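Chemist: Based on these hints, arrange chains B, C and D on the given structure of chain A.
4 protein chains.
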Amino acid sequence: MIVVMRHGATEEEIQRVVAHIESKPDFRAHISRGVERTVIGVLGQIYPELKDELETFPGVAEVLRVSKPYKLSSREFHPDDTQVRVGDVVIGNDEVVVMAGPCSVESEKQLLETAQAVKAAGARILRGGAFKPRTSPYSFQGLGVQGLRLLAKAREETGLPIITEVMTAEDVDLVATYADILQIGARNVQNFKLLHAVGKVAKPVLLKRGFATTYEEWLLAAEYILAGGNKQVILCERGIRTFETYTRNTLDLAAVPVIKRLSHLPIIVDPSHGTGKWHLVTPMALAGVAAGAHGLLIEVHPNPDQALSDGAQSLTPENFRKLMDGVRAVAGALGKRVAPPSQPVAV
Amino acid sequence: MIVVMRHGATEEEIQRVVAHIESKPDFRAHISRGVERTVIGVLGQIYPELKDELETFPGVAEVLRVSKPYKLSSREFHPDDTQVRVGDVVIGNDEVVVMAGPCSVESEKQLLETAQAVKAAGARILRGGAFKPRTSPYSFQGLGVQGLRLLAKAREETGLPIITEVMTAEDVDLVATYADILQIGARNVQNFKLLHAVGKVAKPVLLKRGFATTYEEWLLAAEYILAGGNKQVILCERGIRTFETYTRNTLDLAAVPVIKRLSHLPIIVDPSHGTGKWHLVTPMALAGVAAGAHGLLIEVHPNPDQALSDGAQSLTPENFRKLMDGVRAVAGALGKRVAPPSQPVAV
Amino acid sequence: MIVVMRHGATEEEIQRVVAHIESKPDFRAHISRGVERTVIGVLGQIYPELKDELETFPGVAEVLRVSKPYKLSSREFHPDDTQVRVGDVVIGNDEVVVMAGPCSVESEKQLLETAQAVKAAGARILRGGAFKPRTSPYSFQGLGVQGLRLLAKAREETGLPIITEVMTAEDVDLVATYADILQIGARNVQNFKLLHAVGKVAKPVLLKRGFATTYEEWLLAAEYILAGGNKQVILCERGIRTFETYTRNTLDLAAVPVIKRLSHLPIIVDPSHGTGKWHLVTPMALAGVAAGAHGLLIEVHPNPDQALSDGAQSLTPENFRKLMDGVRAVAGALGKRVAPPSQPVAV
Amino acid sequence: MIVVMRHGATEEEIQRVVAHIESKPDFRAHISRGVERTVIGVLGQIYPELKDELETFPGVAEVLRVSKPYKLSSREFHPDDTQVRVGDVVIGNDEVVVMAGPCSVESEKQLLETAQAVKAAGARILRGGAFKPRTSPYSFQGLGVQGLRLLAKAREETGLPIITEVMTAEDVDLVATYADILQIGARNVQNFKLLHAVGKVAKPVLLKRGFATTYEEWLLAAEYILAGGNKQVILCERGIRTFETYTRNTLDLAAVPVIKRLSHLPIIVDPSHGTGKWHLVTPMALAGVAAGAHGLLIEVHPNPDQALSDGAQSLTPENFRKLMDGVRAVAGALGKRVAPPSQPVAV
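Residue numbers (the working numbering), protein chains in the order written: chain A, -12 to 334; chain B, -12 to 334; chain C, -12 to 334; chain D, -12 to 334.
What the hints contain is simulated information worked out from the structure, not anything from laboratory work. Keep in mind it's a predicted model, so treat the numbers as computed, not measured. Hints should not be assumed to be uniformly reliable.
Which copy? The list can't say, so a pair holds if one copy fits it or any two copies do.
In silico lysine-lysine, PhoX-like type, Cα no more than 20 Å apart, as pairs [stated by the list, open to error]:
id: 1; residue 1: LYS264; residue 2: LYS38
id: 2; residue 1: LYS323; residue 2: LYS309
id: 3; residue 1: LYS247; residue 2: LYS264
id: 4; residue 1: LYS309; residue 2: LYS264
id: 5; residue 1: LYS309; residue 2: LYS140
id: 6; residue 1: LYS218; residue 2: LYS247
id: 7; residue 1: LYS187; residue 2: LYS218
id: 8; residue 1: LYS58; residue 2: LYS38
id: 9; residue 1: LYS247; residue 2: LYS323
id: 10; residue 1: LYS140; residue 2: LYS190
id: 11; residue 1: LYS58; residue 2: LYS247
Just chain A, with the same shape it has in the complex (with noise of 0.2 Å):
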């Protein structure tokens, strides 16, 4: 932590700064005087209210940060890529995952249909909403207990593992005895109860970025995971929010390689929320590829004009085919793989 002291600060304030620095334990001050201003380093084992607690001395400019305030999702600290495991399907390595499904479980037929179409085209993973973060209370809300049960259901009937959002930290367990990967909304990027909750079970979580979180944000709520002892946790950017309305949120496909050179965790995009547009989600998906996403989460929906939530970002079964075979091209020619379609596709 770097004190910025203010030009013409006097010789007194400065001192007062080093005497605070320096009445702490195994603290120390080191003071370096420029042309236009005095700096203090500070020297010892630096928390994060620290910065707070200087910048309130008179003849105090600003105060910098060096070090970055997580330590455990850090790079710098653990240099491996981690690499998550879920049933066969890993993670974080040369494959390209593809995470599909309807954004609300409404039926079983809607979802067995939709899970048997994802799973032909290649996709590994299902997804499907149980518990639905809704702006409005008039908007359906989800099935609850129901939708995970569907889910189970058909996962039994593909074999693929699924993925379902929990929404408060009372529905952690319940979630995790059905779901094979916990989701975290972007709303609830920073519910830390629940980051609390979800960082004691021993299933995979995916954390989704927050539309008005930064990297360090980010990066920190992980950490509350991964200080809970849960080592086992994926990022997925999902869009932020700027002033440009005519998408959905302002997909910000620099995360990937920004968050694979700050952290060891994996990576994936979201291009379905990422653009709010059914029509713009395949070249975001290739984009995020081509960046260099672990994966892709996409929503698909048998009938995108009849879907309970999200209808106009949907992908029908057979665009998402379309777009599968894009991502295998665009992987391909990156050296990376990604499952070929599970049977023959009538077109």
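Modeler: Using the frame of chain A, we list chains B, C and D on its own:
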């Protein structure tokens, strides 16, 4: 709801949309053929998903909503101002109600000292965090139940009602046994399980705007609480996230007159989180009052440089007294009331 | 400037950075080895590109600036407030100076009528656009020179100095022969040729913040003008672009106390563009005054529904008189002055 | 255009709006009375100011546009792709055209060396800045005319057409005598005098998106150029400003498929400015190609740590060759072409 067809949409595309609309009970479509394009009005009991549904049809350029998606929180459907009562304090009339206290409850001494000081200066409600949402798992997380007990003690000693945050649905009953007002923090504005839970208690709720929440989403979050049966909701603007990083957040004071126009709920301003720097708190507090806020939420700490959280944005008791003098002057100029200092103040 | 090395940077990497710094005349490097990483202080006459330069070295995690990149506009190097004089009006002292008038000059009748009305209500300076930057090429682009002549005529009739926008370096001399204050619009805040040109004229310049300009970039834009020799610069906050679209922009009133701390230049507020809705103009004008602004810029039009630009955000003369009453009340409460109405006003 | 009346608007308010609309020649109003509110369709030759005009009427809740405000740049009115020709290079067909070179022209040696290197690797157009828009007045401002001459010399030696920025209307003729493509920088996207000027020249224009420009505003900026008579416009996405500060900008790759849908103009991607960090340039370049971009704009410098501008985001010639290999692989996978390396490359 208005469906805007693309320039050149075919008659068949138009008729498919019309047929879809009219397939719903009690819905009618109303075609209007303009110079450049056709628009179709949708008459019927609109539901949020209908937009997505219609946007998937070929030939549709855009679907525009013409109704607000919230009702209970809207002024159109509830023209008179809501007044929230807490003991003898009323939030939502012509008194500017100041809530003040430390960010976190740290100790009995710190809390009581602050409580006495803010009361003396004219605060009407004591704030203090017992459960703290913290970006880093390594930061102080609050005293929990012990903090709640200290708040109750401070209320006993000073007579000030207390406001404190609740972070998860599970804790609502516990916190409600101690607090006079339940606070929902910015990160939980779309924690729908929590909103649902506080909708069921008989205590007022202060709902902070999230840092990337639009006015509409904020009012929809309030709608969850109102729809649950709890009509005592206070809104609190606390800054949004923008590209400017000098301030911790960008305090959006236009929220005050906007919310007063769109809704009947009282709105207060938190310039402490809204700026993140103590030297900006007083000017922005005065600005909030001038914009028409029903109250203020201010962080005060006896020794900001020793605070376990948010020291950089906390006022000393002395600076808080000066803030209150300014608030009284501005409120008075606009015909509003502010509580007087409760005892002689030594300067 | 501080070079933060990566955790685990090699001694050779550190020494390459040191050698590079010390290869420059009169530069010294200052190594500080912390618990987790090494930081290198750079002592010497820092120039902006040095940051980029040092960030390309292997082993470097980050380069932090500790000096502000602007000097002439900074309060650190110029502690006393700048006061800008226009005739007998002073901007930057304890008077709140109101500049008002139509968005665009449309006709002699419209301008003179508005000029008389705003003068009567206490405005001190007349605003009006002759050259209009318009998002669409199909919108009214202003009357040009004819508009300048009408402004000069309105000045003659009312005695009010005039402020009008200049859009391009070529027009600076022309506009300066008519205007008392040259306005640089938000879209031109980084039109460096234009900034350079107004730095050479002997008229005050009002520099609006761009809608995506940080405080630092804004002060650097002012620096271009000051460095050209023109010290008469007024800053104007007019809202920034955020995710919220209900308002045209998000008026960032914290800019007022922030700029007063970082700079000696006067700062005023434009709540008309800052909100885009006439019913928000008065509360935000009062808030601006309470935040400490040195003045206001307000759009007034005799018939807002007939305005050729920005009708939705223009006040009628009647509403402007009410705004001025509120401004007088708030300014008075804070010990500031506002010009009285100049003649009996018939209500 | 649709006028949405408030819930409870009176018949008189409705009739005033209708009368206003129908007072205009060839305009008709079309009333539709819904369950909750009345909406009025406006039929006639809509102009941009009409929205503001109608929003000032009592009883009006909102005015919604149903037509796009741009025509010449819109795909609805010009369905076929525009192809821009520069010598034998075509931008806008199935070749991915790479434009590369230094941010600033610094010296003959630096420019020629870079030009040869990028040509060898497969670049088709040479970029280089002679006039540089710089945030700080103390930064290197470019070599000016001398830089243009060096660019012309590099074209002569390599055969590569050149693209360079023009910053002000006055310089358009000068720059056009040297450049093959005129670049309008992000800060000038709404410099309407400059857009007007380049609309009159017979050279292609590359129009960068501003860092806070919506798709619609960007296409309206293009409309200025097209309306001036110049149909050879290329759009370039270069990142927008968001709350995330790790990257210099947030590269919005969804702009690629969105613009291809809304417009017939070709679109390319600048991952150098779009990220600001050299190690992110290659993954984001590949992502841009996968998203469907017609080309790339890449900064290359023989010694990035000596660059007078943007060193941190410049690739070495070696890294640029690797980028081109990746671009060829991804483009090939999608059935697109990229120029081959033009000569054996020594590694």
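Chemist: When Cα atoms must be at most 20 Å apart, do LYS58 and LYS38 count as within-copy, between-copy, both, or neither?
Modeler: For LYS58 and LYS38, only the intra-copy Cα distance (18 Å) is at most 20 Å; the inter-copy one is 26 Å.
Chemist: Cα distance capped at 20 Å. Does LYS264 pair with LYS38 within a copy, between copies, both, or neither?
Modeler: Cα proximity of LYS264 and LYS38: across copies only (12 Å, versus 42 Å in one copy).
Chemist: Tell me, please, which holds for LYS140 and LYS190 at an alpha-carbon limit of 20 Å: within, between, both or neither?
Modeler: Within one copy only: 19 Å inside a chain, 43 Å across chains, cut-off 20 Å.
Chemist: Cα distance capped at 20 Å. Does LYS247 pair with LYS323 within a copy, between copies, both, or neither?
Modeler: Within. Shortest intra-copy distance 16 Å satisfies the 20 Å Cα cut-off; inter-copy 28 Å does not.
Chemist: Between LYS323 and LYS309, at a C-alpha cutoff of 20 Å, which is it: within one copy, between copies, both, or neither?
Modeler: Intra 18 Å, inter 17 Å, cutoff 20 Å: intra and inter.
Chemist: Between LYS247 and LYS264, at a C-alpha cutoff of 20 Å, which is it: within one copy, between copies, both, or neither?
Modeler: between (27 Å within a copy, 14 Å between copies)
Chemist: Within a copy, between copies, both or neither: which one fits LYS309 and LYS140 at a CA-CA cutoff of 20 Å?
Modeler: neither (27 Å within a copy, 47 Å between copies)
Chemist: With identical chains, the pair LYS187 and LYS218 could be close in the same copy or across copies; at 20 Å between alpha carbons, which is it: within, between, both, or neither?
Modeler: within (10 Å within a copy, 37 Å between copies)
Chemist: Please work out whether the CA atoms of LYS309 and LYS264 approach to 20 Å or closer within one copy, between two copies, in both situations, or in neither?
Modeler: Answer is within; shortest intra-copy Cα gap is 16 Å, inter-copy 33 Å.
Chemist: Please sort LYS218 with LYS247 into within, between, both or neither, judging by C-alpha distance up to 20 Å.
Modeler: within (16 Å within a copy, 42 Å between copies)
Chemist: How do LYS58 and LYS247 come out at 20 Å by Cα distance, when the copy is not named: within, between, both, or neither?
Modeler: within (15 Å within a copy, 39 Å between copies)
In summary, the one numbered hint that this structure violates is 5.
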